[in-house]
Amino acid sequence: GNSVTQMEGPVTLSEEAFLTINCTYTATGYPSLFWYVQYPGEGLQLLLKATKADDKGSNKGFEATYRKETTSFHLEKGSVQVSDSAVYFCALYILTGGGNKLTFGTGTQLKVEL
Amino acid sequence: DTGITQSPRYKITETGRQVTLMCHQTWSHSYMFWYRQDLGHGLRLIYYSAAADITDKGEVPDGYVVSRSKTENFPLTLESATRSQTSVYFCATSFFAGASTDTQYFGPGTRLTVL
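Sequence lines, in order, name chains A and B. The working numbering applies: residue 14 is where the first sequence begins, and numbers increase by one. The working numbering applies: residue 229 is where the second sequence begins, and numbers increase by one.
This is chain A alone, in the form it adopts within the complex (with noise of 0.2 Å):
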């Protein structure tokens, strides 16, 4: 089946750090990729997302590269603050004719200090 791995946290950084949470798949075919970012005390909200190989996505100064060859969807940035302090959650989506039904990595704590 499909599924998501991610590093686990929580991920502790200085400001101004550079920041990378790993993430790779498993899937039959060809899915689509997205990080979602939750702040605390707040449901998720998509970040970015990408929907072929070697496909950027970004959004706020993180980015993301669609990698096939090595089932890889890692987030980044240059310059974390203390406000990108969060969870964060690599999913898949594969269209199967079952609906929009996305899986979810086990999400990644980010704690960024002054």
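Hint data in this document are derived by calculation from the structure and do not stem from the laboratory. Be aware that one or more of the hints could be misleading.
[Unchecked claim] Partner residues are not named here, just some residues of chain A that face chain B (Cβ under 8 Å, in silico):
#1 55
#2 118
#3 119
Don't be surprised by glycine CBs; every beta carbon is placed ideally from N, CA and C.
With chain A's structure known, arrange chain B on it following the hints.
Below, chain B without anything else, positioned relative to chain A:
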């Protein structure tokens, strides 16, 4: 309120009681979803609905019942709550499920504790 609202935001109940969590959207999105979020599991799909009167099981449907008589509402009922159903529950919507790029929009969540 516009968007997705969930009620109650917090609920404490006892084992064996029936509990209904409400989800309401103002966008007229076709698809609605219920997830539960548990540490170490991420989000897992409980049920989803493609339209009014059309529902289907997700990954973890046992112990839950849903209905969707109106497009805007998608209540989730725990018929006889168990401690293992203690979790944070999220409702989500999407406009159209046929597109691989379609975004899901999430509500603020309901934190349920079963004693």
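Contradicted hints - numbers only: Violated: none.
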